[in-house]
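Chains as they are written, first to last, in my numbering: chain A, 124 to 225; chain B, 6 to 134; chain C, 81 to 198.
If you're looking for bench data, these hints aren't it; they were derived computationally from the structure.
Among the hints, a few may not be true.
Derived lysine-lysine pairs resembling PhoX-like cross-links, with alpha carbons at most 20 Å apart [unchecked claim]:
| id | chain 1 | residue 1 | chain 2 | residue 2 |
| --- | --- | --- | --- | --- |
| 1 | A | K218 | B | K8 |
| 2 | C | K187 | A | K221 |
| 3 | C | K82 | B | K127 |
| 4 | B | K8 | B | K31 |
| 5 | B | K69 | B | K31 |
Covered by chain B, according to a simulated footprint, are these stretches of chain C (three or more residues, beta-carbon under 8 Å) [stated by the list, open to error]:
| id | stretch |
| --- | --- |
| 6 | 98-105 |
| 7 | 108-115 |
| 8 | 136-147 |
The calculated label-pair distances, taken between Cβ atoms and stated as ranges, are [claimed, not checked]:
| id | chain 1 | residue 1 | chain 2 | residue 2 | range |
| --- | --- | --- | --- | --- | --- |
| 9 | B | E96 | A | P148 | 49 to 55 Å |
| 10 | B | Q97 | A | E214 | 38 to 44 Å |
| 11 | C | G167 | B | P59 | 31 to 37 Å |
| 12 | A | D208 | B | A68 | 43 to 49 Å |
Heads up, the beta-carbon is just placed ideally off N, CA and C, and yes, glycines get one too.
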Amino acid sequence: MILHHIQTSALTDSALSTCLRYIQPNDSILLAGDAVNCLLQIQWQQRLASVNLFVLQDDIQARGLQPRVEAIAEHMSAEFFHIIDYSDFVEQSLKHNKVITW
Amino acid sequence: MSKFIIQVNGSVYGSSASFRALAFCKSVLANGHSIINVFFYQDGVTNSNALTCPASDELDMHAKWQAFAQQHKVPLTNCVSAALRRGVLSEQEAVENGKNHWNSSEHFSMGGLGELVIGIEKADRLISF
Amino acid sequence: MKSLAIVFRHAPFGSTSGREGLDVAMLSASFEQQVSLIFTDEAVLHLLGGQTPEQAGAKDYLSALKALPLYDIETVLVCSDSLQQLGLNASELNIEAEVVGADMITKTLQAVDEVLVF
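Required output: the full structure, derived from the provided sequences and hints.
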C-alpha cells in the first residue's frame with residue numbers, strides 16, 4: 124500500500140505515467156504542485172478514474188482550479204477522489220506503508 | 006507519534022518543492038509527530054545559502070527554513086558533497102578549500118549522505134520533495 | 081537494517097540525477113542497508129557500453145556501476161518495457177542486471193522499506 128507522490132506536470136515529465144506503470148490496486152496517488160493540472164485533461168481523468176486519488180488543496184486553489192477540479196470530481200468516483208490539506212497529507216503518509224516521490 | 010525524515014531536492018528558488026516540503030514539515034509537528042532531520046540533497050542544498058536576497062515582496066525560502074529550525078529545533082543538514090559542487094560552503098569548507106567566502110548559514114549543518122541513511126533507518130517514514 | 085530501492089528514471093548526463101542517485105545507492109550499501117537498484121524510462125541508457133561521459137561534460141560515474149557487486153548490491157532490475165521503447169536489447173547491457181517486466185518492479189517497490197527516485 125504505497126502513496127505515490129507526484130509533483131511535476133504530466134505534460135513535461137513522465138513521473139505520473141511511470142508511476143502508473145508500477146501501481147497496485149490498493150495504492151494511492153497524491154497530486155501536488157504542477158501535477159494537479161493533469162486533472163484538466165480528459166485522458167488523465169480517464170487513466171486516474173480507477174485510482175484512489177488525493178489532490179493537494181493549496182495547489183488547486185493557488186492555480187484558481189478548485190471549481191473546475193470539483194466539477195471534474197463529480198464525474199469521478201467520490202469514493203476515490205479526495206481534496207486534502209497538508210495535515211491529511213501527513214496522515215495519509217502514515218496510513219500508507221511508504222511514500223514514493225516520483 | 007511517528008518519526009519522519011524529510012529529503013529536500015528542490016532548490017531555494019525556481020521550484021516549488023522546497024515550499025511544499027516546509028509546509029509538510031510544519032504539519033508534521035502540528036500533528037504531534039517529530040522530524041529526525043531535514044536532509045537537503047541535489048539542488049536542495051541551495052536552501053542553506055545565506056546570501057539569498059529576494060525582493061521584500063518575494064518568498065525567502067532560506068529565511069523560512071532558518072526560522073523553522075530555530076523555532077522548532079529541527080536539524081537541517083546539507084549533503085556536503087552536493088553543496089560543495091554547487092558553491093554552497095560553510096566557513097569550515099571555505100577554509101579547507103582555500104576560498105575567501107562562505108555562504109551556508111549556521112542553522113544548516115554539513116553532513117555526509119550517511120546522515121540521510123541513518124535518518125532513514127531510524128525514521129518511520131521518508132518523504133522527499 | 082532497512083531495505084531500500086533506488087529508482088533511476090532520468091536520462092544520463094542531461095541532469096545529475098543519475099550520478100547523485102548512484103552516490104546514495106553506494107553509500108547506503110556501505111552502511112549495510114539492503115539496496116536494490118531499478119532502472120526505468122530513459123535511465124536504462126546508463127547501462128549501455130561504449131559511453132564517454134566526459135564528452136557530455138559529465139564525470140565518468142558509469143564505471144562505478146561495474147563495481148556494484150563489490151558493494152554487495154546484487155539486485156539490479158531493468159524495465160523491459162523501457163528497453164523495448166528505446167529499441168535496446170538485454171544483450172547490449174554493460175553490467176550484470178536482470179531485465180524484468182513491470183510486475184517484478186511493482187513487487188520490489190512493495191517489498192522494500194523505502195524507495196528513493198532519481
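Status of each hint after checking the structure:
no.	hint	verdict
1	A/K218 - B/K8	14 Å, holds
2	C/K187 - A/K221	14 Å, holds
3	C/K82 - B/K127	9 Å, holds
4	B/K8 - B/K31	13 Å, holds
5	B/K69 - B/K31	11 Å, holds
6	98-105	holds (count 3)
7	108-115	holds (count 3)
8	136-147	violated (count 0)
9	B/E96 - A/P148: 49 to 55 Å	53 Å, holds
10	B/Q97 - A/E214: 38 to 44 Å	40 Å, holds
11	C/G167 - B/P59: 31 to 37 Å	46 Å, violated
12	A/D208 - B/A68: 43 to 49 Å	24 Å, violated
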